[in-house]
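Whole structure, please, built from the sequences with the hints as guidance.
Residue numbers (our numbering), protein chains in the order written: chain W, 1 to 81; chain E, 1 to 81; chain R, 1 to 757; chain B, 1 to 235.
What the hints contain is simulated information worked out from the structure, not anything from laboratory work.
Backbone N, C-alpha and C define an ideal beta-carbon position, used for all residues, glycine too.
A couple of the hints might just be wrong.
[As the list claims (entries may be wrong)] DSS-like cross-link-like pairs, simulated, lysine-lysine; straight-line CA separation at most 27 Å:
1. E:LYS41 / W:LYS11
2. W:LYS11 / W:LYS61
3. W:LYS61 / E:LYS41
4. R:LYS78 / R:LYS628
5. R:LYS66 / R:LYS32
6. R:LYS32 / R:LYS69
[Stated by the list, open to error] Here are the simulated distance ranges between beta carbons:
7. R:GLY620 / W:GLY24: 25 to 35 Å
8. R:ARG312 / E:GLN57: 44 to 54 Å
9. W:ASP46 / B:GLY28: 46 to 56 Å
10. W:GLY24 / R:SER746: 20 to 30 Å
11. E:GLU65 / R:ALA595: 47 to 57 Å
12. B:ASP40 / R:THR9: 32 to 42 Å
13. R:ALA754 / E:GLU79: 34 to 44 Å
14. R:GLY620 / E:GLU79: 17 to 27 Å
15. R:ASP671 / E:ASP50: 56 to 66 Å
16. R:ARG206 / W:VAL5: 47 to 57 Å
17. R:GLY99 / B:GLY28: 27 to 37 Å
[As the list claims (entries may be wrong)] Here are some of the chain E residues that sit facing chain B, going by a computed Cβ distance under 7 Å:
18. PRO17
19. ALA21
20. VAL22
One letter stands for each residue in the lines below.
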Amino acid sequence: MARIVVTVMLKPEILDPQGAAVRGALGRLGLTGVTDVRQGKQFVIDIDGDLDSQREQLLQKLAGELLANPVIEDFRIEEEQ
Amino acid sequence: MARIVVTVMLKPEILDPQGAAVRGALGRLGLTGVTDVRQGKQFVIDIDGDLDSQREQLLQKLAGELLANPVIEDFRIEEEQ
Amino acid sequence: MSTTASTRTVDTVERATADSQATQPWAELGLKADEYQRIREILNRRPTSAELAMYSVMWSEHCSYKSSKVHLRQFGVKQPQTDALLVGIGENAGVVDVGDGWAVTFKVESHNHPSYIEPYQGAATGVGGIVRDILAMGARPIAVMDSLRFGAPDHPDTPRVVGGVVAGVGGYGNCLGLPNIGGEAVFDDCYQGNPLVNALCVGAMRHEDIHLAKASGAGNLVVLYGARTGGDGIGGVSVLASESFDSTGPAKRPAVQVGDPFMEKLLIECTLAMFKAELVEGIQDLGGAGLSCATSELASNGDGGMRIHLERVPLRDATLTPEEILMSESQERMMAVVAPANIDAFMDICRRWDVLATVIGEVTDSDRLQVWWHDDLIVDVPPRTVAHDGPVYERPFARPDWLDARQAAEPTPQLCPRPATGADMADALLTLLGSANLSSREWITSQYDRYVLGNTILAMPDDAGIVRVDESTHRGIAVSLDCNGRFGALDPYAGAQLALSEAYRNVAVTGAMPLAVTDCLNFGSPEDPGVMWQFAEAVRGLADACLELGTPVTGGNVSLYNQTADTAIHPTPVVGVLGVIDDVRTRLSIKGGRAGDALVLLGQTRDEIAGGAWVSTAHGHLGGMPPKVDLSAEQALAATIHASRGFLTSAHDISDGGLAIALAEMVLRNDYGVDVTLPVELDAFTALFSESVARALVTVAAADVDALHAAAAKQGLQCRTVGTVTDSGVLVIDGLFHLTAEQMRSPWQAALPAIMA
Amino acid sequence: MTAPRVGVVTFPGSLDDGDAARAAGAAGADVVRLWHADTDISGCDAVILPGGFSYGDYLRCGAIARFSPMMAAVVDAARDGLPVLGICNGFQILCESHLLPGALIRNNHLHFICRDQRIRIESTNTAWTSAYSAGEEIVIPVKNGEGGFVADNATLDMLQADDRVVARYVGVNPNGSYRDIAGITNESRTVVGLMPHPEHAINSLTGPSEDGLGFFTSVVRFLEGAGIAPAQVSA
Ligand SMILES: Nc1ncnc2c1ncn2[C@@H]1O[C@H](COP(=O)(O)OP(=O)(O)O)[C@@H](O)[C@H]1O
Ligand SMILES: [Mg+2]
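Below, the structure is given as structure tokens:
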């Protein structure tokens with residue numbers, strides 16, 4: 001059984017209102033020196049058996065079509081050991 | 001300058017409608033053998049200078065109060081190199 | 001890897017009969033010694049751990065109303081004569097006839113404590129729960145409302161609770177596609193650790209579509225459909241698990257539930273499709289006490305017994321024990337009783353909506369509720385003893401000794417100096433407009449979808465919400481949800497009546513005819529005789545008033561133990577009034593009227609400021625006697641407005657903040673001006689800030705003023721022209737002060753955003 | 001002649017499908033209800049993707065609905081010129097399906113917002129806006145949590161230059177949309193995505209105005225042969 005972690009972040013040039021709000025709050029609560037906060041999503045996907053290359057390819061494709069919208073987001077796929 | 005990554009996940013025993021929706025979609029799109037999907041949040045926090053123990057402590061506290069609600073969520077703090 | 005429940009040794013009826021002396025954790029489950037004893041007598045043996053779980057949760061305060069029952073009976077005993085009531089107290093929600101063959105069901109329910117722990121999810125699942133109650137009556141939910149109470153506006157924790165609760169009410173209701181048409185939002189220190197989240201849902205159906213929660217017809221199938229069952233809201237029973245099972249013990253169980261509004265939306269559509277296809281013999285929502293409640297209520301309301309195969313329940317968490325499955329409060333689940341001939345069609349509909357459905361049992365001709373776990377019988381009880389024959393307490397109650405002092409502390413001019421000059425009164429008005437409780441609610445209400453379904457005629461900030469029930473006949477209903485906890489704190493009997501009085505008035509000023517009542521009684525601990533007395537007084541007051549107004553209480557909810565340490569919240573009996581309007585195109589609202597119209601004050605003003613907005617805002621004073629209850633005056637006001645609705649150009653009720661606030665609200669809403677001459681027989685301050693009941697402001701074309709006076713005279717209602725509508729955009733109180741709309745708008749709009757900033 | 005057939009798609013979680021159907025009917029269309037799982041648009045001359053929370057919008061608004069069988073059919077037909085109006089969630093689905101450029105993100109103030117919104121009709125030569133006059137300002141409800149329209153500058157400039165911005169917010173920008181954009185159209189000017197809700201403003205008894213009806217009468221006129229003028233490319 002394999003665990004794949006897909007992390008999705010807004011592209012740097014897209015403004016991130018949630019990240020900005022968190023940054024403001026952290027500052028108000030006394031955390032100094034915060035220069036930037038970005039908020040993203042993480043999907044933890046458990047799969048039966050191990051991830052053969054064919055399912056791996058499909059996952060790559062779906063990450064870019066379903067889990068992330070390349071127009072505004074970048075994504076990263078890692079297999080957890 | 002340090003980059004801290006806070007990952008927030010619903011506790012395993014808590015219902016995760018978002019993860020369930022993704023799991024359903026992955027299945028419909030042909031990814032077989034998916035046994036579970038959990039969706040969480042990730043905060044990427046950039047800080048001036050390096051994270052001294054005092055700011056580290058404050059961050060620990062704020063992660064549990066602001067970024068996550070420990071009643072339903074677990075969180076993890078990592079420093080990125 | 002924790003062993004799954006199925007491999008564990010289960011406490012069976014057989015075992016319970018054999019070792020009848022085994023000690024059980026009844027106390028940990030909140031049962032009293034005598035209650036445990038009664039269970040043993042009912043069963044002639046010790047209960048199995050599953051039976052113990054069922055009884056303990058069904059006999060809890062929340063499900064059995066054991067402290068409140070003896071008082072709630074008055075709603076039945078004092079029920080007014082009416083043909084409108086189709087289904088009364090005791091079902092998931094009451095049902096009233098609104099004409100043309102239409103029936104409407106509505107109910108308000110609390111989700112207070114969870115909304116403090118996890119404001120967003122607590123409020124969201126509160127909305128979800130009441131919507132399922134309405135759905136279970138056979139109705140399509142058509143609108144929601146929410147009555148909210150929070151702690152002090154300046155307390156550091158308040159923004160967390162307000163922000164989360166409002167986002168949760170909106171997040172769930174918006175995603176369900178139900179318009180939010182009104183509610184309340186009140187700030188008061190007494191709710192600091194005890195926010196109140198009361199959610200109301202209204203549903204509509206044809207008379208013949210009314211469904212009841214009963215399981216009849218031996219051989220009919222029991223179907224559980226909707227979400228999988230997880231370990232939600234069952235912290236309590238884990239003691240059982242650890243007690244009855246050797247192994248490592250169960251995984252941690254969540255105290256807070258997460259709602260899935262999308263699943264609930266599917267549940268609504270698929271349930272309505274089943275009703276339409278007439279596939280359902282009986283139906284029940286799963287809320288508090290989950291399967292324990294649904295199975296025992298269905299069976300006990302039906303004509304037979306029920307057999308459940310618990311291992312068939314689809315689980316989200318394989319480690320759940322049978323006891324936990326029985327008690328789980330997982331959201332978005334329903335239970336239906338279906339004839340075998342219809343089961344395929346039923347399953348097809350579930351498949352179409354992608355809703356998981358499982359036959360978990362059948363109706364039997366025995367009189368027992370039997371629950372099996374694989375081949376073991378783990379529950380074998382007379383369902384009625386679980387669902388309806390719970391304990392009934394006659395809790396001691398006594399008028400609190402501090403009440404005399406509080407009632408004696410009338411806010412006299414000496415004790416609470418009043419503004420004397422026009423300038424002071426202008427300031428007083430601006431202060432009220434900028435106060436947490438009287439300022440614009442827009443920060444909250446703009447987070448709610450009011451338009452979905454396309455039948456919303458009136459919604460926030462109108463006095464009552466109105467939704468159209470029938471597009472072809474234009475028939476509609478009006479609902480308002482109100483309470484002033486400070487009045488309850490001064491006199492709970494009057495406080496409950498004043499809540500009804502205000503809700504009734506809010507419905508009446510739209511031109512609708514008040515018809516029926518629902519209520520959510522929020523109080524402190526019933527174990528405190530003082531609180532219990534407040535509760536008893538409030539119920540007595542509400543029942544008496546409903547009898548006099550001819551509006552029956554059709555259902556509601558009780559929430560007790562709202563207190564931190566030994567300080568209870570104000571008695572907060574939130575009252576919802578439902579009215580009928582036969583043609584929504586004739587509805588009146590605060591919006592309307594044009595320059596030249598006469599501004600007319602209906603009703604009588606007395607020197608009544610105790611418990612009111614001005615004295616609490618200006619002096620933080622809580623003392624004296626609340627405004628005099630005058631229900632026949634409310635009826636006269638309602639009748640007058642109803643009779644004049646054809647020619648009135650607008651109407652607005654007078655309540656918190658008195659005439660001054662009502663005038664300001666009219667100017668702010670219509671961007672017109674008014675020139676007002678106050679009555680001379682009263683001092684200006686009283687005329688402006690008193691909160692006497694049964695009053696409203698209406699506008700009417702000069703030509704119709706006489707007709708209005710005639711209509712009021714017919715009802716013996718005071719009616720006097722106090723001014724005219726102008727296009728100046730200025731509120732002018734002759735000889736005292738004038739304020740422009742802009743002067744009033746800025747503090748009024750700034751208050752809530754400032755609290756949340 | 002028979003009234004044009006306008007389809008309204010219902011996805012799991014669609015909420016304003018009934019309102020959209022009512023509005024299209026009021027404009028004289030013959031309304032056909034379409035189901036997400038079906039694979040053809042059953043002869044419809046135009047299709048509306050209504051507002052709501054398809055699949056709960058748990059992933060990204062419209063991200064899952066985009067993959068439904070019905071959307072495959074709608075995308076094909078749209079490429080062949082089928083007029084499609086996506087309202088709110090429908091707009092999000094159109095962007096996810098790449099029938100329209102850009103994307104819609106969380107409102108900049110992070111709250112769901114429902115308000116009566118003034119918008120200006122920037123382009124009247126689309127299948128869905130010909131009944132308005134250029135520059136006309138109307139008031140219709142806006143209600144969304146993720147209504148902020150974003151796209152890279154090149155795309156924004158292109159939309160501007162090609163007269164493909166259909167409507168802009170006036171006064172208040174309710175969600176932080178780039179360049180106050182409330183709605184856009186595709187190259188062929190037949191597919192329109194709109195964040196505000198015209199279907200909630202067809203009757204002043206139930207809405208803030210009757211200003212919304214024009215979107216629906218426009219498409220009926222278009223289908224009855226009125227056609228659309230060539231893009232007035234701004235100098
Ligand atoms: N304050 C009240 N006034 C009138 N009826 C009440 C009140 N509290 C509870 N009831 C009625 O008692 C019954 C059980 O209440 P409740 O447990 O809230 O119903 P449900 O289990 O359907 O949520 C319902 O019919 C409800 O309307
Ligand atoms: Mg119920």
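Hint check results:
Only pairs whose Cα atoms come within 27 Å are accepted, and E:LYS41 paired with W:LYS11 is accepted, the gap being roughly 16 Å. In summary, the hint linking W:LYS11 to W:LYS61 is supported, as the alpha carbons are separated by about 18 Å, within the 27 Å threshold. Using a Cα cut-off of 27 Å, the hinted pair W:LYS61 and E:LYS41 holds, with the two alpha carbons roughly 22 Å apart. Pair hint R:LYS78 plus R:LYS628 holds up; C-alpha atoms about 22 Å apart against a cutoff of 27 Å.
At most 27 Å may separate the alpha-carbon atoms for a hinted pair to count; R:LYS66 and R:LYS32 meet this at roughly 12 Å. Between R:LYS32 and R:LYS69, the direct Cα distance comes to roughly 18 Å. Compliance with the 27 Å bound is thereby established for this hinted pair. Checking the proposed 25 to 35 Å range against R:GLY620 and W:GLY24 shows it holds: the Cβ atoms sit about 33 Å from each other. Checked against the given bound of 44 to 54 Å, the beta carbons of R:ARG312 and E:GLN57, roughly 50 Å apart, stay inside it.
A beta carbon spacing of about 53 Å between W:ASP46 and B:GLY28 agrees with the range 46 to 56 Å that was offered as a hint. The given range of 20 to 30 Å is respected by W:GLY24 and R:SER746, whose C-beta atoms sit roughly 24 Å from each other. For the pair E:GLU65 and R:ALA595, the beta carbons lie near 54 Å from each other, so the given range of 47 to 57 Å is met. At roughly 57 Å, the beta carbons of B:ASP40 and R:THR9 sit outside the given window of 32 to 42 Å.
At about 37 Å, the beta-carbon gap between R:ALA754 and E:GLU79 stays in the expected band of 34 to 44 Å. A hinted range of 17 to 27 Å for the beta carbons of R:GLY620 and E:GLU79 is inconsistent with their spacing of about 49 Å. Between R:ASP671 and E:ASP50 the Cβ separation comes to about 57 Å, which falls inside the hinted range of 56 to 66 Å. In this structure the hint that R:ARG206 and W:VAL5 lie 47 to 57 Å apart at CB holds, the actual value being about 52 Å.
Under the hint 27 to 37 Å, the C-beta atoms of R:GLY99 and B:GLY28, about 32 Å apart, fit the expected range. A hinted interface residue such as E:PRO17 counts as satisfied when its beta carbon comes closer than 7 Å to some beta carbon of chain B; here the least separation is about 6 Å, so the hint holds. Annotation: E:ALA21 was flagged as interfacial toward chain B, and the flag holds, the nearest CB pair being 4 Å apart, inside 7 Å. Checking E:VAL22 against chain B by beta carbon gives a least distance of about 6 Å; that is within 7 Å, so the hint holds.
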